[in-house]
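Protein chains: 2
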Amino acid sequence: MAKITPISGFPEWLPQEKILEDNVVSIVRGIYESHGYTPIETRSVEPMSVLASKGDVNKEIYAIERASAEKSESKEDRLALHFDLTIPFARYVAQNFNELDFPFKRYQLQRSWRGERPQEGRFREFYQFDVDVVSIDDLPICHDAEMVSIIYKAFTKLGLGDFQIKINNRKLLLGIYEHFGLSEAQRQDAVIAVDKIDKIGPEGVTKELLAIGLNESVAKEIIRCAGIKVSTSEFASIVNTLGPTNELYKAGVSEISEVLNLLVPGAADRVIVDLSLARGLDYYTGTIIETVLTDHRSFGSVAGGGRYENLTSRFGNKNIPGVGISIGVTRLMSLILAKGLLKTKERSPTRVLVSLPNAETMPKAIKLAETLRSRGISTEVFHKPSKFGKQIEYADKKGIPFIAFTGENEALEVKDLTTKEQRPISVEDLVKLAKK
Amino acid sequence: MAKITPISGFPEWLPQEKILEDNVVSIVRGIYESHGYTPIETRSVEPMSVLASKGDVNKEIYAIERASAEKSESKEDRLALHFDLTIPFARYVAQNFNELDFPFKRYQLQRSWRGERPQEGRFREFYQFDVDVVSIDDLPICHDAEMVSIIYKAFTKLGLGDFQIKINNRKLLLGIYEHFGLSEAQRQDAVIAVDKIDKIGPEGVTKELLAIGLNESVAKEIIRCAGIKVSTSEFASIVNTLGPTNELYKAGVSEISEVLNLLVPGAADRVIVDLSLARGLDYYTGTIIETVLTDHRSFGSVAGGGRYENLTSRFGNKNIPGVGISIGVTRLMSLILAKGLLKTKERSPTRVLVSLPNAETMPKAIKLAETLRSRGISTEVFHKPSKFGKQIEYADKKGIPFIAFTGENEALEVKDLTTKEQRPISVEDLVKLAKK
Chain A
0 MAKITPISGF PEWLPQEKIL EDNVVSIVRG IYESHGYTPI ETRSVEPMSV
50 LASKGDVNKE IYAIERASAE KSESKEDRLA LHFDLTIPFA RYVAQNFNEL
100 DFPFKRYQLQ RSWRGERPQE GRFREFYQFD VDVVSIDDLP ICHDAEMVSI
150 IYKAFTKLGL GDFQIKINNR KLLLGIYEHF GLSEAQRQDA VIAVDKIDKI
200 GPEGVTKELL AIGLNESVAK EIIRCAGIKV STSEFASIVN TLGPTNELYK
250 AGVSEISEVL NLLVPGAADR VIVDLSLARG LDYYTGTIIE TVLTDHRSFG
300 SVAGGGRYEN LTSRFGNKNI PGVGISIGVT RLMSLILAKG LLKTKERSPT
350 RVLVSLPNAE TMPKAIKLAE TLRSRGISTE VFHKPSKFGK QIEYADKKGI
400 PFIAFTGENE ALEVKDLTTK EQRPISVEDL VKLAKK
Chain B
0 MAKITPISGF PEWLPQEKIL EDNVVSIVRG IYESHGYTPI ETRSVEPMSV
50 LASKGDVNKE IYAIERASAE KSESKEDRLA LHFDLTIPFA RYVAQNFNEL
100 DFPFKRYQLQ RSWRGERPQE GRFREFYQFD VDVVSIDDLP ICHDAEMVSI
150 IYKAFTKLGL GDFQIKINNR KLLLGIYEHF GLSEAQRQDA VIAVDKIDKI
200 GPEGVTKELL AIGLNESVAK EIIRCAGIKV STSEFASIVN TLGPTNELYK
250 AGVSEISEVL NLLVPGAADR VIVDLSLARG LDYYTGTIIE TVLTDHRSFG
300 SVAGGGRYEN LTSRFGNKNI PGVGISIGVT RLMSLILAKG LLKTKERSPT
350 RVLVSLPNAE TMPKAIKLAE TLRSRGISTE VFHKPSKFGK QIEYADKKGI
400 PFIAFTGENE ALEVKDLTTK EQRPISVEDL VKLAKK
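As given, the protein sequences belong to chains A and B, one line each in that order. Numbering that gives the first Met the number 0 applies: residue 0 is where the first sequence begins, and numbers increase by one. Numbering that gives the first Met the number 0 applies: residue 0 is where the second sequence begins, and numbers increase by one.
Don't take every hint at face value.
Pairs involving identical chains hold if they fit within one copy or between any two copies, as the list cannot separate such chains.
Claimed, not checked - Calculated pairs, DSS-like style, for lysine-lysine (alpha carbon to alpha carbon, straight line, at most 30 Å):
#1 Lys156 <-> Lys17
#2 Lys396 <-> Lys338
#3 Lys156 <-> Lys435
#4 Lys434 <-> Lys156
If you're looking for bench data, these hints aren't it; they were derived computationally from the structure. Computed from a prediction, not measured in an experiment: that's the story for all the values here.
The whole structure should be built from the sequences, with the hints applied where relevant.
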């Protein structure tokens with residue numbers, strides 16, 4: 000007898016939880032599609048040599064190997080499960096370059112795998128829901144604003160409580176570091192150090208800045224800048240008095256201003272420009288975005304991304320700038336389920352259960368069920384002749400709201416399981432009732 | 000520079016192909032849900048020891064291994080990618096037994112992996128779309144009929160041309176073999192031999208039957224029975240004169256009759272009872288089902304399944320009978336794409352492209368786009384100020400049907416890219432037009 004083993008880091012949901020996840024996905028997909036983003040998927044595997052170029056992640060990659068494989072397969076040619084959707088997307092764009100329409104706007108919902116140590120909100124198998132737009136040679140900043148607008152609309156519609164969209168710009172950050180005389184190498188290190196400010200505090204970041212060779216007064220200035228968190232209305236007045244005036248800084252300020260100008264109505268109230276936001280990943284070059292649920296700040300970002308200079312740099316010499324965001328669906332679901340942020344009584348899509356008093360009723364019950372289904376009502380026929388009490392219990396347990404009883408000739412009654420009321424009804428009215 | 004490598008057996012679709020696949024999936028999901036089936040997903044991996052109990056498939060299983068893994072991980076404890084959805088479903092039911100509502104009706108759309116040699120319609124990574132109902136101790140035959148009805152409705156709605164649903168029953172088959180005096184072992188071998196009749200013909204099957212020790216006259220009788228293919232109206236009269244009268248045979252006849260009686264209207268015309276249908280998999284115990292597209296018979300079955308006695312036998316002593324079918328989505332898509340069975344001009348979900356004559360128009364264009372999106376119209380704003388010709392070309396290439404032009408004040412015009420006509424329009428009428 001095989002053992003039944005939950006596997007750490009490989010989460011699974013119960014039916015009622017999966018229905019919630021499907022609702023979340025459907026809301027996000029609806030927003031992505033409403034902006035004209037098209038679905039793609041990629042294979043789950045890439046050659047190890049393609050994935051392994053990303054330093055630290057290497058040891059977390061899962062290689063796959065057929066049980067019957069010859070041992071001679073070289074390590075480099077081995078296939079491995081992707082650990083994010085960015086590299087597969089880049090490869091897909093490079094591979095299908097001549098078949099795609101640019102700007103290419105795509106969304107992608109797929110599982111990824113990372114063999115890291117499982118912990119709260121970190122999984123070994125997880126869904127990410129990415130949306131990106133990439134173009135050839137240049138891509139206007141309006142798309143960066145679109146990403147912020149998409150997050151605003153998605154999290155408004157998801158209804159997970161208050162949220163805040165933090166934005167910043169890498170050019171502005173690097174402009175600050177240039178202003179204070181940091182070397183090229185120090186600037187990269189400073190980005191990584193400042194990124195940790197929420198976790199290790201200003202003192203911790205100061206220590207790291209001193210460790211990369213900055214003097215105390217410069218470190219202090221950088222911490223001062225990183226402390227700036229301004230609403231969209233305050234942004235212009237504050238950044239212009241912060242100190243730096245170099246071209247890089249001004250470009251960053253100008254890009255942020257443009258993003259703020261092009262947001263959809265309402266979004267600005269949720270946006271804060273947070274100069275401590277840095278995002279460790281080194282491929283961002285302009286706008287950076289993170290989103291936190293206000294009541295769950297310690298959980299970290301639930302949707303983030305940014306602008307990058309060239310998606311396909313590792314695959315060729317095309318220049319493909321882009322901007323995109325990613326929602327960690329499995330991560331987000333783990334929070335939603337743990338904190339009960341969304342609830343449903345539904346344990347099935349069924350709206351109407353057609354009761355079955357005896358076996359002879361079956362053809363009639365099936366006919367009624369088919370009528371309801373053809374009108375868009377998800378319908379089950381109770382599976383075997385049983386007492387009404389048992390059928391009601393079944394419907395109640397599954398969260399099915401209505402039971403239909405077929406009688407002599409065309410007689411039809413409905414029981415509403417919320418009000419417990421039972422009454423005669425026409426098929427037409429039953430359809431209306433069940434559609435509510 | 001990393002190589003861009005298609006990987007044999009791991010298919011990917013272009014955006015316009017993925018849109019077709021999404022349509023196929025959405026139709027099938029709609030039918031599954033209309034019958035009250037609830038979505039679940041399982042993790043992609045199981046312990047090797049759980050998967051490897053299935054004989055021949057073993058060598059096709061992909062094990063996964065972290066690049067950093069200690070070599071001491073024993074072979075048996077290794078994780079492996081599932082090769083179908085049946086074993087994971089069985090494990091899920093056993094694991095969550097106390098949390099589920101029985102009869103448990105679930106559908107499941109997921110990738111599976113098999114390291115077999117890629118060939119037409121056979122992939123190493125592929126989607127299957129399964130639907131099953133399982134219950135405790137007994138499950139009425141009406142559910143077998145429901146599976147046939149689901150296939151009927153799905154393939155009618157998919158519009159892939161004529162199709163035929165073949166059904167048979169394992170009890171009836173085994174009753175025939177009992178009647179002709181086959182031993183227990185010979186009966187199983189005969190099932191496997193008869194299953195190949197479409198591939199190797201009656202002569203080939205005869206050879207195999209002789210090889211398992213049957214004499215020529217018995218082999219001839221079995222081939223004669225396997226030759227029976229009857230419409231639902233002829234079924235009763237023909238099976239009752241075929242010869243066998245034992246209990247097993249009569250049980251099979253009775254189950255098929257009940258399935259035929261409980262089909263939804265219209266389905267019977269597509270159903271044929273085909274006594275050569277055997278389905279090699281040994282876990283079927285009653286109804287068996289296969290579906291062929293009439294114009295593509297050589298492609299084989301596009302949707303099949305059947306009744307099994309105990310889903311969870313390998314995980315415990317619960318008795319969980321069930322019936323289910325599976326649609327090989329990737330396989331089916333490969334046929335649809337190769338033969339052009341479905342076509343679309345769509346390369347994006349966008350219905351309206353809002354034209355952008357100059358940068359100053361952007362806020363106005365975004366406002367119009369948001370209005371349309373809030374009314375359910377997928378809308379893009381052209382990404383940068385350009386000549387109209389270029390914007391029309393972009394829309395045409397992507398299959399976007401309408402371009403909206405914003406003018407002075409609230410003026411609005413629409414160009415229909417099918418008729419090439421351009422005219423003034425109200426927002427309200429544009430919504431109606433784009434919704435068509």
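Status of the hints after comparison with the structure:
{"no.": "1", "hint": "Lys156 <-> Lys17", "verdict": "both (18 Å within a copy, 26 Å between copies)"}
{"no.": "2", "hint": "Lys396 <-> Lys338", "verdict": "within (23 Å within a copy, 46 Å between copies)"}
{"no.": "3", "hint": "Lys156 <-> Lys435", "verdict": "both (19 Å within a copy, 25 Å between copies)"}
{"no.": "4", "hint": "Lys434 <-> Lys156", "verdict": "both (21 Å within a copy, 22 Å between copies)"}
Violated hints: none; the structure is consistent with every hint.
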